[in-house]
Every structure is written in C-alpha cells, then in structure tokens.
Amino acid sequence: MTRSFLPYILVAQRLGIAFVTLIIVSFAVFFATAMLPGDVAEILLGQAATPEAVAGLREAMGLDEPALSRFVHWLLGLAQGDMGTSYVNNIEVAELIGGRLLNSLRLAAVVTLVSVPVALTLGICAAMWRGSIFDRLVSLLTIFVVSVPEFMVATLAVLVFAVWLGWLPALSYGVELDSWSAMLRAYAMPVISLSLVVSAQMIRMSRAAVIETINTPYVEMALLKGASLSRMVLRHALPNALGPIANAVALSLSYLVGGVIIVETIFNYPGVAKLMVDAVSTRDLPLIQSCAMIFCVSYLSLITLADLIAILSNPRLR
Amino acid sequence: MADTVSHTLSEDKAPEGPKFVFNWVGRIGLAVIVFWAIVAIAGPFLAPHPPGEIVDWDYFGPVTSEFWMGTDYLGRDIFSRIIMGARYTVGIALAAVTLACTIGVLLGMIAAVAGGWFDMILSRLLDAFNGIPSLLFGLVVVAAVGSSIPILIMTLTAIYMPGSYRFARALAVNINTMDFVTVARARGEATPYLILREIFPNILGPVLADLGLRFVFIVLVLSGLSFLGLGVQPPNADWGALVRENIEGLSLGAPAVVFPSIAIASLTISVNMFIDNLPTLIRDRSE
Amino acid sequence: MSQTNHDTPLVSVRDLKIGAVTDAKRKVEIIKGVDFDIAPGEILALIGESGSGKTTIALSLMGHTRPGCSINGGRIRVGNNNVTAMTTRQRAAMRGTEVSYVPQSAAAAFNPSQRIMDQVIEISTIHNLMPKAEARAKAVELFRALALPNPDTIGDRYPHQVSGGQLQRLSAAMALIGDPRLVIFDEPTTALDVTTQIEVLRAFKSAMAAGGCAGVYVSHDLAVVAQIADRIVVLRGGEVQEVGTSEQILNAPQNAYTKELLAAFEPAGRTPQPVQASDRKKPILEVTNLHAGYGPIRNGAPVAKILKDVNFQLEPGRNLGVIGESGSGKSTLARAIAGILPPYRGSVLVDGRELKPDLASRSKEDLRRTQIVFQLADTALNPGHSIANIIGRPLTFYKGLRGKARDARVIELLDMVHLPANMRHRLPSELSGGQKQRVNLARALAAEPELILCDEITSALDTVVAAAILELLKELQSELGLSYMFISHDLSTVEAICDDVLVMHKGVVVEALPASKMSECATHPYSRLLISSIPKLDTGWLASLEQDPDLIAQFSDR
Numbered sequence: 001m002t003r004s005f006l007p008y009i010l011v012a013q014r015l016g017i018a019f020v021t022l023i024i025v026s027f028a029v030f031f032a033t034a035m036l037p038g039d040v041a042e043i044l045l046g047q048a049a050t051p052e053a054v055a056g057l058r059e060a061m062g063l064d065e066p067a068l069s070r071f072v073h074w075l076l077g078l079a080q081g082d083m084g085t086s087y088v089n090n091i092e093v094a095e096l097i098g099g100r101l102l103n104s105l106r107l108a109a110v111v112t113l114v115s116v117p118v119a120l121t122l123g124i125c126a127a128m129w130r131g132s133i134f135d136r137l138v139s140l141l142t143i144f145v146v147s148v149p150e151f152m153v154a155t156l157a158v159l160v161f162a163v164w165l166g167w168l169p170a171l172s173y174g175v176e177l178d179s180w181s182a183m184l185r186a187y188a189m190p191v192i193s194l195s196l197v198v199s200a201q202m203i204r205m206s207r208a209a210v211i212e213t214i215n216t217p218y219v220e221m222a223l224l225k226g227a228s229l230s231r232m233v234l235r236h237a238l239p240n241a242l243g244p245i246a247n248a249v250a251l252s253l254s255y256l257v258g259g260v261i262i263v264e265t266i267f268n269y270p271g272v273a274k275l276m277v278d279a280v281s282t283r284d285l286p287l288i289q290s291c292a293m294i295f296c297v298s299y300l301s302l303i304t305l306a307d308l309i310a311i312l313s314n315p316r317l318r
Numbered sequence: 001m002a003d004t005v006s007h008t009l010s011e012d013k014a015p016e017g018p019k020f021v022f023n024w025v026g027r028i029g030l031a032v033i034v035f036w037a038i039v040a041i042a043g044p045f046l047a048p049h050p051p052g053e054i055v056d057w058d059y060f061g062p063v064t065s066e067f068w069m070g071t072d073y074l075g076r077d078i079f080s081r082i083i084m085g086a087r088y089t090v091g092i093a094l095a096a097v098t099l100a101c102t103i104g105v106l107l108g109m110i111a112a113v114a115g116g117w118f119d120m121i122l123s124r125l126l127d128a129f130n131g132i133p134s135l136l137f138g139l140v141v142v143a144a145v146g147s148s149i150p151i152l153i154m155t156l157t158a159i160y161m162p163g164s165y166r167f168a169r170a171l172a173v174n175i176n177t178m179d180f181v182t183v184a185r186a187r188g189e190a191t192p193y194l195i196l197r198e199i200f201p202n203i204l205g206p207v208l209a210d211l212g213l214r215f216v217f218i219v220l221v222l223s224g225l226s227f228l229g230l231g232v233q234p235p236n237a238d239w240g241a242l243v244r245e246n247i248e249g250l251s252l253g254a255p256a257v258v259f260p261s262i263a264i265a266s267l268t269i270s271v272n273m274f275i276d277n278l279p280t281l282i283r284d285r286s287e
Numbered sequence: 001m002s003q004t005n006h007d008t009p010l011v012s013v014r015d016l017k018i019g020a021v022t023d024a025k026r027k028v029e030i031i032k033g034v035d036f037d038i039a040p041g042e043i044l045a046l047i048g049e050s051g052s053g054k055t056t057i058a059l060s061l062m063g064h065t066r067p068g069c070s071i072n073g074g075r076i077r078v079g080n081n082n083v084t085a086m087t088t089r090q091r092a093a094m095r096g097t098e099v100s101y102v103p104q105s106a107a108a109a110f111n112p113s114q115r116i117m118d119q120v121i122e123i124s125t126i127h128n129l130m131p132k133a134e135a136r137a138k139a140v141e142l143f144r145a146l147a148l149p150n151p152d153t154i155g156d157r158y159p160h161q162v163s164g165g166q167l168q169r170l171s172a173a174m175a176l177i178g179d180p181r182l183v184i185f186d187e188p189t190t191a192l193d194v195t196t197q198i199e200v201l202r203a204f205k206s207a208m209a210a211g212g213c214a215g216v217y218v219s220h221d222l223a224v225v226a227q228i229a230d231r232i233v234v235l236r237g238g239e240v241q242e243v244g245t246s247e248q249i250l251n252a253p254q255n256a257y258t259k260e261l262l263a264a265f266e267p268a269g270r271t272p273q274p275v276q277a278s279d280r281k282k283p284i285l286e287v288t289n290l291h292a293g294y295g296p297i298r299n300g301a302p303v304a305k306i307l308k309d310v311n312f313q314l315e316p317g318r319n320l321g322v323i324g325e326s327g328s329g330k331s332t333l334a335r336a337i338a339g340i341l342p343p344y345r346g347s348v349l350v351d352g353r354e355l356k357p358d359l360a361s362r363s364k365e366d367l368r369r370t371q372i373v374f375q376l377a378d379t380a381l382n383p384g385h386s387i388a389n390i391i392g393r394p395l396t397f398y399k400g401l402r403g404k405a406r407d408a409r410v411i412e413l414l415d416m417v418h419l420p421a422n423m424r425h426r427l428p429s430e431l432s433g434g435q436k437q438r439v440n441l442a443r444a445l446a447a448e449p450e451l452i453l454c455d456e457i458t459s460a461l462d463t464v465v466a467a468a469i470l471e472l473l474k475e476l477q478s479e480l481g482l483s484y485m486f487i488s489h490d491l492s493t494v495e496a497i498c499d500d501v502l503v504m505h506k507g508v509v510v511e512a513l514p515a516s517k518m519s520e521c522a523t524h525p526y527s528r529l530l531i532s533s534i535p536k537l538d539t540g541w542l543a544s545l546e547q548d549p550d551l552i553a554q555f556s557d558r
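Chains as they are written, first to last, in full-length UniProt numbering: chain A, 1 to 318; chain B, 1 to 287; chain C, 1 to 558.
Keep in mind the hints are simulated off the structure, nothing from the lab.
Some, not all, of what chain C presents toward chain B, calculated at C-beta under 7 Å:
1) 338
2) 364
3) 367
4) 372
5) 379
6) 380
7) 381
8) 382
9) 384
Pairwise CB distance ranges (calculated):
10) 163/A <-> 201/B: 50 to 60 Å
11) 48/B <-> 90/A: 50 to 60 Å
12) 201/B <-> 132/C: 52 to 62 Å
13) 75/A <-> 48/B: 47 to 57 Å
14) 297/C <-> 31/A: 31 to 41 Å
15) 242/A <-> 538/C: 42 to 52 Å
16) 102/A <-> 68/C: 46 to 56 Å
17) 48/B <-> 422/C: 53 to 63 Å
18) 429/C <-> 276/B: 19 to 29 Å
19) 116/B <-> 90/A: 44 to 54 Å
20) 242/A <-> 87/C: 29 to 39 Å
21) 340/C <-> 148/B: 44 to 54 Å
22) 429/C <-> 163/A: 52 to 62 Å
Think of the CB as a built atom: it goes at the ideal place given N, C-alpha and C, for glycine as much as any other residue.
Here chain A stands alone, though its shape is the one from the complex (with noise of 0.2 Å):
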C-alpha cells in the first residue's frame, strides 16, 4: 500500500519545493531591483528633482514604508493580475505585456514544435549508432552549438541564410506580420537560431540518456537471448529511457528562456525579452520585475515539470 502513495507524496514535495523557490525568487527579484538602486523618486524626476518634489514622490508611491510591506503588497497584486503602472510612460504594465507575451508564447510554441522530434531523432540514433561516423557528426555539432554563445548562433544563421545564401532578410526590423509570407519570414530567423540552441542540449541529453540504459546488463542479457540492434534499443533500452528523455526535453526548453532574450533583440522581435531589455536600458522597474517573474515563472515551471517526470517515469515506484 505505502509503495502506491509514494509517487504522490514525492510530487506533492517537489510542487512544495517549487512553491517555495518561487517565494524566494520573487523575493530576490523585488529586493535586486527595488532596493539597490538609488533612489527611484530621484530617477523618475531627473533634472526636477528638489528636496521636495522628491519627498512628494516618495510619499505617493509608497516608498516611504517599510520593504518588507511593500515586497508583501507587490507580490498580493501579482498574483491577483496586477502588475503595477509603468515609470516610463505611465501605462498598466499588464497591458504592454499583453500582446507581447503571445508574440513570445508562440514563438516558443514553434520552436517547441520544431525541435523535439528533430533532436530526439537525432539524439536516439546516435546513441543506437554509438561510435559511427553519424555520432561523430553529430557530437561534433553540438559541442559547436552549446559552446557558443547564442547571439552567435543567431548571427551565424543571419551569415548562412541571409547574408550567403541571401534567402531571408537579415533583420526584421519592423516587419508588419501581416500575411503569411511576411510571419514566415519574421519567425524564420529567430526560430531557426533558437531551435539550433534548444536542439543541440535536447540532442546530447537525450543521446547520454539512451547510452546509459543500452549499457545496463538486461540490454546485454537481450544481444545474448539474439535480439537484434533496433529491438534492443527499441524494445529494451527506450521504454526504460522514456523518464530520463522527457526529463532531457524538458531541461532543455529552459535554455529557451535564455536564449529567447538574445534571440528577440537581435531580430528586434516583439516579445517580452525584448520589452525587458529595453526597460533594462529606461530602468523602468515595475515593468522589469514583471517580466522577470514570467521568466522566472516560466523556467521554474519547466524545471519542476522535468523533475516531476523522473519521479513518476522511475518503474520501481510504479
């Protein structure tokens, strides 16, 4: 009986840790950005800013009470949808994010698409092929891809498609996504580099993962009852893999987080990342702690769901 609650106590933990961490993450992100800096009154009023005028400020927004208030207030208005108003321009934070955030779900949808059935292709056959030429390769290019930076994956792909081969504009400056031509266009660059870097970690992960069960004594005792190459992989060693690869897959869409903010400002893309580094160049904190948390939201959530995986996927628990 206690073996079959097990899984689920296990679950009900790491949904705790993550509840927990996102706590603390929050707190950090709120503390980096509001308490660090000088004085914000100060910023916001710029050349304006007397002795008075600067206490004015302070009072209406509230800097005057105590931090911890203030983080407790911040973080009840986000998880009640409210993000606060803009330094910059005065805007609920809520409504610039909005349409944003669609641009860059959707982008990640596509590269999501894109990139898992090409990576666990790629990683399973060179693991099944262990040692041969394809495996090489296929090491060999992903070793390039994760250890370049992003940004030059992107402009290595904006050199190859639009530079040499001259078949897509090099940036999307202000591309209007109006037809179906000009989106295919406007993703094209972007989601080639971003599935380039999601693809190269998802391929190495889940190529070790494959190894590690074709290495385990019942695929040898399956070579020794004359199975053949693609039925030890496949009947033996993969539905024992299953956990470790979605667990992979899922590590991996984390690099998305990274990556997308490189990504979006060198296609000039209209997503959050992009609206974050630039409210990184106003200082427009409200706007950079939002962003932030759906960042921090979005990786953690991921991390968790990988974890979440190797716990339910391991058969002794089942």
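Given chain A's structure and the hints, the job is docking chains B and C onto it.
Below, chains B and C alone, put in the same frame as chain A:
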C-alpha cells in the same frame, strides 16, 4: 612465514597504476587555452595598434596586411581590440569561476559532512537560487546597480556558486559514506580533518573538470550580457561587447563581427575539448 | 541443421586467444590459448579466481565479448556452428536457440519495465519458435519444474516484485525456453545467501537433467561446482591449469595450483583457547541488552530497529565469530560496538569500562583500544593517501609520533603484516586486493588495540589470498595478544579463527556455539539450517542433503 610474503608478492598480482594519457584532441584544447592565457597576460605588448585609437579612415574595413582582422565601426584595429578583450573575457570569467567554485565546494563539503539542518536549509536556499535563469539574473542586477567589473564578477559568482555547491555536495556525500571516512571518524578525527584530508583529495579531479565547464558557461553569460550592452562598458570591450559594437556590419559580412565571435568560440570549444578528453580516471567520477 | 554425431563433442574450443585494451590504451592478452571440449549433455565447470578469464571464455562461446575485448585467435565450435567465423547476424540467430545464458545477477538482467513472462518467452518471439500461447504454456511448465511458487501467475509480475532467488530461477527458465543445446551459467548463485543457494542449485540440476542439454558452469566456488558439474576446468591468468572429472579434481588433483585452491578451501582449524578464569578477571568485551537501529528516533527508539537484545562476553585472547546471512544484523553489531551507529539501549563494556554510545563522547583512549577493519579494502583505504600516510595517521593521532619515529614505526607495522618497507610510498590503487587488506590491518594495529572488530575482511578476497590473511591474523594474535570479533557469512573462515560463534538471524542472536563443534552442538532450527546449507567439497553432498522444507519456508528469505 616467509612463504606468505612471496605469496602475496608474486601470485596475487598488483594492478598497474593509473596512467594519465591525453589524446590529441585534448592536447589541442589545452594548447588553445594556454595561448589565450598568455594573450590575456601579455596583451599590451602584443597589440600592433593602440586598441582605443581610430587608426583607419574606413569603417568595417576588410582584412589587410596592416589590419589583420579588419577594422571596426569607427575604424579601430580589431586584432588589437581582440587581444585587449581577452583580458576582460578571460580575466572576469576566471575570477568569477574561481570565487564561485571555492565558495561552492567549501560549503558543499561542509554541508555533506555536517548534514542535518545546516545542510537542509543551505541546499533549499541555493536550489531556489538555481530556479532563476542566469542571463535574467544578470540583467536584473545590472539594471539595478549598473555595470562595473567588480559587479560583473560578483554577479557571475552568485549565478554559478549554487551549481558548484550542488555538484561538490553530491560528490562529498558519496565519499562521506565510504569506509575510509568511517574509519577516520571511528578513530575520533575532527570535522576539518575529515573535510580537508579525507574528502577533498577525492573530489578534486571531478571538481576541476566541473570548474572548466562552469568557466565556459560564465564566458557565455558574460558575452551575452556584454552583447546586450550590460557587460563591460565602452570604451573598454570584451569579446561579447566587440560583437555588439559591430553588429551593424553583420549584413555586410564584415570581419569585425566574425573575428570576435571566433575568439569566443575558440576559447569555449577548446575548454570543452580539453575537459571531454581528460583521462577517464578524472572524468568518470564527474559524470 | 543436422545433429552432431554422439562421438564428437558438442563444443570444441581450440587455442582460444582473447585480447583486451586497458584504460591506458595498452593491449593485453587475457585468454592465452585455451582448449577444451564439452560432450553432449555434459556439464563442464570453469573454475578460477578473479582475473582468471572464466566469464570471458564462457561469453565467447556465444560469440560475445564485453566492450574493449576481442577474440584474436583460435576456433570455437558449438554443434555445427563455427562461432569464430560467423557474422553478427548468424551469431544472433544462434543465441537463445543453440546456446543460452544465465546471468550472475538476474536482478539486473531483467528489464524493470516489462513483465517477467514477456521476457521469459522473448527468445521464442525473436526466433519465431512457436506461437505465443504455446510459449507461455511451456514457460509455466518450466516455472513448475524449477519449483517456483505460483507458477501460473508469477510471470504476470514485474521483476522488482519477486525475490532474488526466484529471479535467478526465472532467468534459468528464460534460458531454457528455446531448447538450447548448451546453457551457460555465469556465477548464478554467488549473489545469493547459502540457504537460498541450495534451492536454486537443486532447481538448476533437475531442470538440466530433464532437458538433457549440456552446460558450462562458471564459478569461483569449488564446493558449489562439485555438486553440479561432471568435469572441471581449472583456470588461472587466462590459461588452463588442469582438466578432469569432478571426482578426480577434488580427490586427486595433479596441478600445484589446484592443490593450493583445495587447501585454501578448508583452512586449518584453531585449537580452542581455554577460558583463563584465574589470571584475568574481566572480559575484554561485554555486551548486554544491546539495541540499535537506523532512522529518526520515535519514543526513544529509531524507526528501523535492527539489533534486538544482544548479549555476550568475549574473554581476553579468545576470538568470537558472528555468522548470519545478509540482513541478519551482524555488521550492524560491529558498528554499534565501535560507536559508528550509537546503540539506543544497552551497554558495551571494554575491559570492564563502559563505553559511551556515540563516537563524539568517547575518549581518545577508549577509541584507540577498539579498532574496526572493514570488508572492502578498496573503499576502506583513502585512494588519495600514500600507504605511509594511511598507516601513519593513527600513530600521529593517538601517540603524537612524527617524522623519523613515525616512519620507523610504519616500516615495523608493514613488516608485521609481511609487506616490504618500500611499499609505504605507494598509493592503494597500486596494490593488489590481498596487499590492501594487509594495509587495512596494519592501520588498525598502529593504534595498538586490544580488540579488533573484523567485518567480513576475507569475503571479498580470492580463497587462496583469504587463507593467507587468516594465517596472518592468527600469527598477529599470538604475537600481540589481541582478541578478534570476527564477522562473516562463511562458516569455514569462522571455524578457522574463532573459539566461540554467535549465530544471528534478523537482528537477534539465536544461539551461541563452540566454533570447533558447530554442527554437533547446534540445537536452534535456524543454526541447524544455516550450518547444513554450507556446501561441502563432496560431489554427493547436495544429493544426500535432507532439509526440512518447513524449516526452509520459515527461515530462508526467498
């Protein structure tokens, strides 16, 4: 009892000792790493042109015998700027990785040996820190306090210390259950002896390999931050900032964008090559 | 394929050479020209110590070599198959139908995510031998023949839901389903407890007799092999030392190495030391009402209670053996006495002085007087320290010896365990298993203890090396007047060195016996079962052994 001696010595053969063999891929990696280390130290003596001065009338100039890697968007010599950039990229990354690993490994070993509440609270706290995407953390901090080299080093240290802690702790927990540590404990040894003399020598190999991989990540994040304009500030430039400065030249295929990128890639790829080809004795335990 | 003539052997191996590439990329020959034959229906044993190449030879009969190894020369013929000349595809077609394999650890060789039945009948699926329903029926028949409980339903379970002994028999069913002409058993009972081993051996023997197929039985244990094999090949360092019938090898060995193996199997017994009632008053070790366990403490006792109410006394100069199967709590007893696992109730007295339960509150002097030596010298010696450091540390720690004085004492200690002085500059990884175990002992001796707790210190060693270690222990005892508490699952070892023996089962001492007369004096049913389960160097032992099935059901964990 003389026969017992001959017995153990001759019949019960001893295995050979470990041999440290690097293959050629690992050697190339090491050579490139050493090359960049020398460049970073001797930079000013190697640069053919003053890196901050406009030396060419043309911007985004091509590769010539005078300007080996072309010129940048203002007409400065890219070769000299890359040599000076090595100081920032290699120096900052090295400082950050050393700090991160020293703190992380020490705390990790203490947590593994001490266990209990100390271990639990520290592990939870640092795990939570791991829940923040690294580039984003850098962005937020730089947005808050502005960018300077000490700030960059501290930020990068803060980003990568929890991972180092987690890695070292896992290794140390394993070693801590081994019989030789139990024997030392049963002898009555104190905790510092257990940590420094029994555990540390046995996690050193994997920890050094991990340090190399972490160095690559730090170079990547530092370059990413600089690329976004949040890293090393002008007029100084690390390799990431060089790419940013000259990104306009991308559509022209200018060498000013290509060469700094190659510099970054050559460093990170060779570190990976070196680590991947370390003798299995060291690497196996790190996986 | 036509049947081979009955006069010609089923298997013939000629001048077999197998090479391996070491971690340092050096090529070495691990099998150096081996020849043997197996007649149809015959069971041949490959016997040897670690590194003798017995498993490598057995696997090569299926055309399989482990990664890094390759067949470099010679011929292997199995039936009409010239194994050494076959393509990968032809070898695959032969595996399972002509030659099949029973692994050392069935627990690892079963795929954890598939039901047992699917894996048992997989050979018939791969080679299209028969319809699924027929294969299932045949598997159930084999389960019954192998005396497995619930033969009709056991196949529906997952591997982690059945015990180790059952899995081992299920793996035999898996090997027999394709009616092979040769079955390879790769140390199939080594990982099992002795009481379980008997049932598994019996099941194998009857199934092989019923199937009429030939077998190769790989093992390091002569007594086990004697029960099942017709002929024995003695291997050492990749070369055949001697081939003969089981009777001949056991009773009239020709080769010097074979004689050595046989001699090591039953080490010389110990003349019991009289209890010195008059000149010494206090026992060196006295344990009363000892309770210990693991896990968080609830109501003053840990959640997982291991030791329950252990009481005994050990007189100075005498040795106490503790025997029991895995999970009996014998190692926990040593840890509780040493303070590594503080007991939660009861007391430990050394030379009349009561010790505090945990390490931190024991005095340095108390810790010095009792030393513990662990089973695996590989993990008991810090791989990063030199031998001089390992042996010297207790000298510095307990006696403050440094520099020249310490070095001189290290050399003395090395000499005591018969190791040369220059070995002190080496690292543990450069030593053999037996040498490491000697260093392990020397470190304990460095503290000049009165009592040494030996936890299975000979179990991981080859028999010949283990016998030498036992000799050393006796010698040290007569020189230094030590007392040992000797923990082992191996009765003959305990017999060789101990005066008294405690039999443990599930954390309880079921009986205390004199070591020299264990089988005569045992009255408790579990000790009788345990003692009778130890294989003897006698080919008729298993056949004539009669054990009460109720007793087995009650005590053996199958």
